[in-house]
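Each protein sequence line maps, in turn, to chains A and B. Mapping to this note's numbering: the first sequence position 211 is 222, numbers consecutive. Mapping to this note's numbering: the second sequence position 159 is 180, numbers consecutive.
One or more hints might be untrue.
[To be verified] In silico EDC-like links for lysine to aspartate or glutamate, alpha-carbon gap of 16 Å or less:
(1) B:K446 to A:E100
(2) B:K475 to A:E155
(3) A:K36 to A:D225
To be clear, the hints were calculated from the coordinates, so they are not data collected in a lab.
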Amino acid sequence: MLSIKNLQARIEEKEILKGINLDIKPGEVHAIMGPNGSGKSTLASVLAGRSDYEVTGGEVEFNGKDLFELSPEDRAREGLFLAFQYPVEIPGVSTTNFIKTAVNEIRKYLGEEPMDAVQFLKKMKEKMKLVEIDQSLLSRSLNEGFSGGEKKRNEIFQMAMLEPTLAILDETDSGLDIDALRIVAEGVNKLRDGNRSFLVITHYQRLLDYIVPDHVHVLYKGKIVKSGGKELALELEERGYDFIKEELGESVEA
Amino acid sequence: MSEMLNTLEQTALSEYKYGWVTNIEADEAPPGLNEDIIRFISAKKNEPEWMLEWRLKAFRHWLKMEVPRWPNVKYPDVDFQAIKYYSAPKQKKEISSLDEVDPELRATFEKLGISLDEQKRLTGVAVDAVIDSVSVATTFKTQLAEMGIIFCSMSEAIKEHPELVKKWLGSVVPVTDNFYSALNSAVFSDGSFCYIPKGVRCPMELSTYFRINAAGTGQFERTLIVAEEGAYVSYLEGCTAPQRDENQLHAAVVEIVALDNAEVKYSTVQNWYPGDKEGKGGIYNFVTKRGICAGVNSKISWTQVETGSAVTWKYPSVILKGDNSVGEFYSVAVTNNHQQADTGTKMLHIGKNTRSRIVSKGISAGFSQNSYRGLVNVGKNATNARNFSQCDSLLLGDKCGAHTFPYIEVKNSTAQVEHEATTSKIGEDQIFYCNQRGLDTETAVALIINGFAKEVMNQLPMEFAIEAQKLLAISLEGSVG
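If we strip away everything but chain A, and leave its shape as in the complex, we get:
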C-alpha cells in the first residue's frame, strides 16, 4: 500500500534523505528508529507533503497512486494520516468543529454525503472511549492550552475519527509519561484492524513495548541501514545506536 523507492529529499541546501527504500503492506506495522538527526521526522514530513522539503529523487506509490502528484490535502483524503510530533494550536476553533470539518472534507472528496450532527456525535462518543479522551477537551479550542499528553491523545483521537489507511506516528511518545504513553499506545492498538498500516517513528524502544511492530528499520544519515523484526528494537535498546555505527564502519562506509 506504500512503496518508497530510492527517496531523496533536502531542506534548503542540505541533503537529508539519501535513498530510502521501504515497502509497507496492508495491516503491517513498521517502526523506524534512529538517532537524532538521522532523517526520521523528515521522512514523515515528506510523505505528508510539507512544503519546506524538496524531493530530489525517487518515487513513492500510495494505494496505487503517485504520492507526489497529490497535494497534502489530497494525500490526507486518500487516507494518509500524520500524527504530529508538535501539534499546532488554532485559537477559537473548537476541536469538535475542526474534526467535523476534516471528516466532511474527506467524505466530500470520496463522493460521500456530509455526516450530520447526530451521526457525527455518535461516532465521536464511540471513538472517545477508544482513546480515553474527555468531552471537555473536545469543546476547547484546538490544542490551545493542552498539555503535551492531551495533544498527543488528541492526535490519536483524530486518527480514530478520520480512519486512515496509513497512519504515520511521528515521535508520538516524546514528552509522554508512562500512563499517557500506555493510553496512546492502546488507542493505536485498538485501531489495528488487519488492513490499516502504521509507520511508527520513534527514538526509543519503550513505545514498541506497547505497539509491537512487524518490522523495525534503523535510519541513519538518511538511509535505512538495517531492517529486522521486533527483536531489532530490543537489540538497539540494549546496545545503543553505536553498534550500528560500528557495523557500518566495518562494512558500509567504504
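Starting from the known structure of chain A, arrange chain B on it as the hints suggest.
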C-alpha cells in the same frame, strides 16, 4: 463548512459577487453641490420648510470645514463638485403595496438575498431597503405599527412624525460634528427611522440594506433609532455596491438614543465594493455612527463586520451619560489587496458606574493597511467607570500592515481601564496541519480567521452570522498560498 466551501468555489470564479448594475431609470440631480442642489433635494422629497433650513444650516457650516487628515489612510482628494447628490430609482406612481415595486428592483433585492415579500416574516426580519439613497420599501410596517413601533424611511418619518424627527435628529451627531456628518446633514436623501415606544421589546430584527447603483453618485443615508424607556431593539444593516473603476463616496450618519433601561443592539455587515486587485475603484466609506445611553441602566452595543470599501473611516461610539449604562463595540475588520481601514470606537464615560467593552479583531492581507483607533474617555464625575479593551491583529503575508492607536483619557481616579493587544500571523504550520487533515488552504484560512474573530461573530444575530462567516472567507480569497 461545506457550504462555506461552495461559496469559495463560486467566488473563485466571480470575484466580487455583488458587482452588477441594475438597469433602472434614475431620477437624478446634476453633479455638484450648492444651495440650489440642496433645495432641489428637499423639494424632490416634498420636505417641510424646517427640514430645508436644517440642511442649509449644515451646508453653510460644511463650507467652512476641512477634510479630516488624521486617519491613517491615503487617497486622492474627493472632488465634491463631481458627485451627484441625488439619484432615485424612477417609479411611475406612488406604490401602495410591495407587488407594485419595479420588477427590476425586486430582482435586485432577490440577488442580494433580500426578499421583500411578506414571507420575510417567517425569518423574523423586517427590512427597509435603500437603493441609491432612496428607501424603496419597508416590510412589516403594519405588524410593527400595532405595537407602536415606527420603522420607516427617513423621508416618511419627516412627513409623518415631524415632532420625533425634530426632537432627535442631530441630537447625538450634531450638524457641526465633523466634515462628513455636516455634508451628510446637508444632502442626505434617505435612510431609516426607527422608534420603539416605552416598554416595548421589538419582536423581530429590524434590518436595512443599502445599495449604491447609479454611477457617479454618492450615497448619504441617515439613520435614527430611538428606544424609549425600557425598550429593546436589535438592528442590522448590510451594504453592497456595483463594481466600478471610479471611487464612490458613502458618507452616512447613524444616531442611536437609548433612554432609561433601554437597549439597542446595532450590527453591521459592510461589504461595499473594495476596488480591484490593483486598488482601482471601490467605495470611500466615511461614516459617523454614535449612540447615547441617555438614561440610567441603558445599553448600546455596536457589532461590525467590515470587509468591503477601498477606504474606511469609521468609529461607532457610545456616550455613556446615564448612570450604570453600558457601551459595547465588537469589530472584525478585514482588509485585502489595497484596502485601507482606520476604524475603532469612542467610549465616553460621563455617568457613574458606566461600563464599556471593546473587542477589535483586525485581519490584514495583501498590501492592505488596517488600523484600530479608539478612545476611552472617563470624565471627572464618572465614578467607578470601567473599560476593557482587547485589540488583536492577524496578518496574512508580509506586505500588509496592522496598526493600533489607543487613546486613554482618565479624569477620575476610581476608574479601571484595561487594554490588551496582540499581533499574530497565520503560520504555515497551522495551514499545513489543516491540509494534513484534508482541508484545502482556503478552507483552512477561513477556519483560522473565523476562530480568530469568533468572539465578535458570536455577537451577530444568528441568520447574519453565517453570511458574515462566508464574507470573511471570500474577502481573503487568494491571499494565502
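Comparing the hints with the structure gives:
{"no.": "1", "hint": "B:K446 to A:E100", "result": "holds (13 Å)"}
{"no.": "2", "hint": "B:K475 to A:E155", "result": "holds (15 Å)"}
{"no.": "3", "hint": "A:K36 to A:D225", "result": "holds (11 Å)"}
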